Amino acid sequence: MKDKRLILKLKKKDPKALDALIKEYSSYVFTIIRNILGGAFTAEDAEELSADVFFRLWENAEKLNEERSISPYLAACARNCAKNKLRELRTDYCADELFEDVISADSVQDSCEISRQLELVTECLNGLSDTEQELFVRFYYYGEKIKDISKMLGLSENACKTKLFRTRDKLRKYLAERGYTNEKIR
Amino acid sequence: MKKSDKSNWAEKFIPNNMVKSENFSADNIILSVHGKLENEKGRITMTKTRKIKPLIIAAAIASTAAISMISVNAMTDGAVTAAIDSTIHKVKVFINGEETDAELVDSGVDENGVEYQVYELYVDDDEVKDDNEVRMEMNDFVGEDSRNDEDDFGNTGVYYTEEVSEAE
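Here the protein sequences come in this chain order: G and R.
Take this note's numbering: the last position of the first sequence gets the number 186, and nothing is skipped along the way.
Take this note's numbering: the last position of the second sequence gets the number 354, and nothing is skipped along the way.
Since the hints were made in silico from the structure, they are not lab data.
As the structure is a computational prediction, the values presented were derived from the model and not from experiment.
Ideal Cβ placement from N, Cα and C applies to all residues, glycine included.
Some clues are possibly wrong.
Unchecked claim - Restricting the straight-line Cα-Cα distance to at most 25 Å, the calculated cross-link-like pairs of lysine-lysine (PhoX-like) are:
#: 1; chain 1: R; residue 1: K222; chain 2: G; residue 2: K151
#: 2; chain 1: R; residue 1: K198; chain 2: G; residue 2: K4
#: 3; chain 1: G; residue 1: K85; chain 2: G; residue 2: K145
#: 4; chain 1: G; residue 1: K147; chain 2: G; residue 2: K163
#: 5; chain 1: G; residue 1: K63; chain 2: G; residue 2: K9
#: 6; chain 1: G; residue 1: K147; chain 2: R; residue 2: K222
#: 7; chain 1: R; residue 1: K206; chain 2: G; residue 2: K85
#: 8; chain 1: R; residue 1: K222; chain 2: G; residue 2: K85
#: 9; chain 1: G; residue 1: K23; chain 2: R; residue 2: K206
#: 10; chain 1: R; residue 1: K222; chain 2: G; residue 2: K16
#: 11; chain 1: R; residue 1: K206; chain 2: G; residue 2: K147
#: 12; chain 1: G; residue 1: K147; chain 2: G; residue 2: K85
#: 13; chain 1: G; residue 1: K12; chain 2: G; residue 2: K2
#: 14; chain 1: G; residue 1: K63; chain 2: R; residue 2: K206
#: 15; chain 1: R; residue 1: K198; chain 2: G; residue 2: K163
#: 16; chain 1: G; residue 1: K145; chain 2: R; residue 2: K222
#: 17; chain 1: R; residue 1: K222; chain 2: G; residue 2: K23
#: 18; chain 1: G; residue 1: K145; chain 2: G; residue 2: K161
#: 19; chain 1: R; residue 1: K206; chain 2: G; residue 2: K16
#: 20; chain 1: R; residue 1: K222; chain 2: G; residue 2: K12
#: 21; chain 1: G; residue 1: K63; chain 2: G; residue 2: K4
#: 22; chain 1: G; residue 1: K63; chain 2: R; residue 2: K198
#: 23; chain 1: G; residue 1: K151; chain 2: G; residue 2: K173
#: 24; chain 1: G; residue 1: K9; chain 2: G; residue 2: K23
#: 25; chain 1: G; residue 1: K12; chain 2: G; residue 2: K63
#: 26; chain 1: G; residue 1: K13; chain 2: G; residue 2: K2
#: 27; chain 1: G; residue 1: K11; chain 2: G; residue 2: K23
#: 28; chain 1: R; residue 1: K198; chain 2: G; residue 2: K170
#: 29; chain 1: G; residue 1: K161; chain 2: R; residue 2: K198
#: 30; chain 1: G; residue 1: K9; chain 2: R; residue 2: K222
#: 31; chain 1: R; residue 1: K206; chain 2: G; residue 2: K151
#: 32; chain 1: G; residue 1: K11; chain 2: R; residue 2: K222
Stated by the list, open to error - Example chain G residues on the side facing chain R (calculated, C-beta under 10 Å, incomplete):
#: 33; residue: V29
#: 34; residue: E44
#: 35; residue: E47
#: 36; residue: D52
#: 37; residue: L64
#: 38; residue: F136
Work the whole structure out from these sequences, hints included.
This is the structure we're talking about:
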């Protein structure tokens with residue numbers, strides 16, 4: 001597995017491995033950040049935030065599990081970086097209450113937390129239908145619009161919102177059973 | 187686009203409208219990341235510098251008596267004291283067997299008419315252990331002692347001071 005080789009090199013602080021991962025995943029990370037930031041930010045802003053994501057990756061390489069794909073971790077970091085940027089710059093920013101209280105992490109120090117929460121979220125998502133999983137991932141992690149997701153899945157926007165609400169509720173209960181209360185899940 | 191790995195949602199579901207590589211610059215991202223890493227290196231250096239404490243060797247010399255005696259005393263932070271002959275040309279300090287440069291930073295006569303010389307050396311906190319062995323050589327004389335947590339104003343009339351360098 002290519003990722004595994006690169007993660008192992010990254011753990012040994014090989015800058016070439018970092019460059020290779022940036023080449024491989026920058027489009028993925030940039031897309032998520034652009035989706036969440038919306039049109040109010042320039043490509044340079046999104047590039048800078050993408051750089052922050054890969055910087056975190058470098059800083060926290062030793063915490064990565066090389067047996068797993070790196071993309072969920074990057075998606076979670078990209079999402080958090082973009083959300084934090086919105087919070088910084090927009091005083092009127094209102095976090096999407098559906099998810100923000102369930103799972104988020106907003107600093108480098110939270111990288112372990114990101115990894116652990118990702119594991120739990122993934123476990124929970126595996127118990128859902130493909131449609132529910134896809135809706136959840138696209139909306140919460142990829143920052144895609146309900147309008148676009150509903151078209152793609154062939155559902156009404158209201159049906160999407162209802163499913164998202166139920167999924168969020170399941171996830172919250174799932175996490176709470178494993179000791180993650182709202183206080184612990186930032 | 188879906189892939190077979192059900193446990194990996196990020197590979198199973200790829201973002202719609204993935205930004206094409208021509209619409210942003212991966213090279214800019216690489217440059218920016220390396221810039222951040224360089225900045226971080228600077229920060230780490232500063233942090234490390236903070237841990238380095240200058241240790242003052244204060245050698246007080248009775249002007250009427252040339253004492254060929256040395257007493258070396260290491261504090262928790264590696265402070266060293268020495269009573270030395272009035273004609274010191276070369277001081278060598280060894281910490282755990284490794285020679286450390288000691289620099290003459292001051293000399294004079296105090297209010298009691300006692301000549302003194304002050305040497306300063308730098309030891310990284312990380313390298314100083316509780317059972318640190320400090321050895322000192324001056325001219326032909328070699329003195330050795332283990333660490334001691336008490337000031338030594340003993341028979342030698344020697345004292346030491348310690349200063350903490352705050353790099354930030």
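Status of each hint after checking the structure:
| no. | hint | verdict |
| --- | --- | --- |
| 1 | K222(R) x K151(G) | 40 Å, violated |
| 2 | K198(R) x K4(G) | 18 Å, holds |
| 3 | K85(G) x K145(G) | 19 Å, holds |
| 4 | K147(G) x K163(G) | 14 Å, holds |
| 5 | K63(G) x K9(G) | 13 Å, holds |
| 6 | K147(G) x K222(R) | 37 Å, violated |
| 7 | K206(R) x K85(G) | 23 Å, holds |
| 8 | K222(R) x K85(G) | 17 Å, holds |
| 9 | K23(G) x K206(R) | 12 Å, holds |
| 10 | K222(R) x K16(G) | 16 Å, holds |
| 11 | K206(R) x K147(G) | 22 Å, holds |
| 12 | K147(G) x K85(G) | 24 Å, holds |
| 13 | K12(G) x K2(G) | 16 Å, holds |
| 14 | K63(G) x K206(R) | 30 Å, violated |
| 15 | K198(R) x K163(G) | 19 Å, holds |
| 16 | K145(G) x K222(R) | 32 Å, violated |
| 17 | K222(R) x K23(G) | 17 Å, holds |
| 18 | K145(G) x K161(G) | 11 Å, holds |
| 19 | K206(R) x K16(G) | 22 Å, holds |
| 20 | K222(R) x K12(G) | 18 Å, holds |
| 21 | K63(G) x K4(G) | 13 Å, holds |
| 22 | K63(G) x K198(R) | 23 Å, holds |
| 23 | K151(G) x K173(G) | 29 Å, violated |
| 24 | K9(G) x K23(G) | 15 Å, holds |
| 25 | K12(G) x K63(G) | 12 Å, holds |
| 26 | K13(G) x K2(G) | 17 Å, holds |
| 27 | K11(G) x K23(G) | 18 Å, holds |
| 28 | K198(R) x K170(G) | 21 Å, holds |
| 29 | K161(G) x K198(R) | 21 Å, holds |
| 30 | K9(G) x K222(R) | 19 Å, holds |
| 31 | K206(R) x K151(G) | 22 Å, holds |
| 32 | K11(G) x K222(R) | 18 Å, holds |
| 33 | V29 | 8 Å, holds |
| 34 | E44 | 8 Å, holds |
| 35 | E47 | 5 Å, holds |
| 36 | D52 | 8 Å, holds |
| 37 | L64 | 14 Å, violated |
| 38 | F136 | 8 Å, holds |
The structure shown violates the earlier hints numbered 1, 6, 14, 16, 23 and 37.
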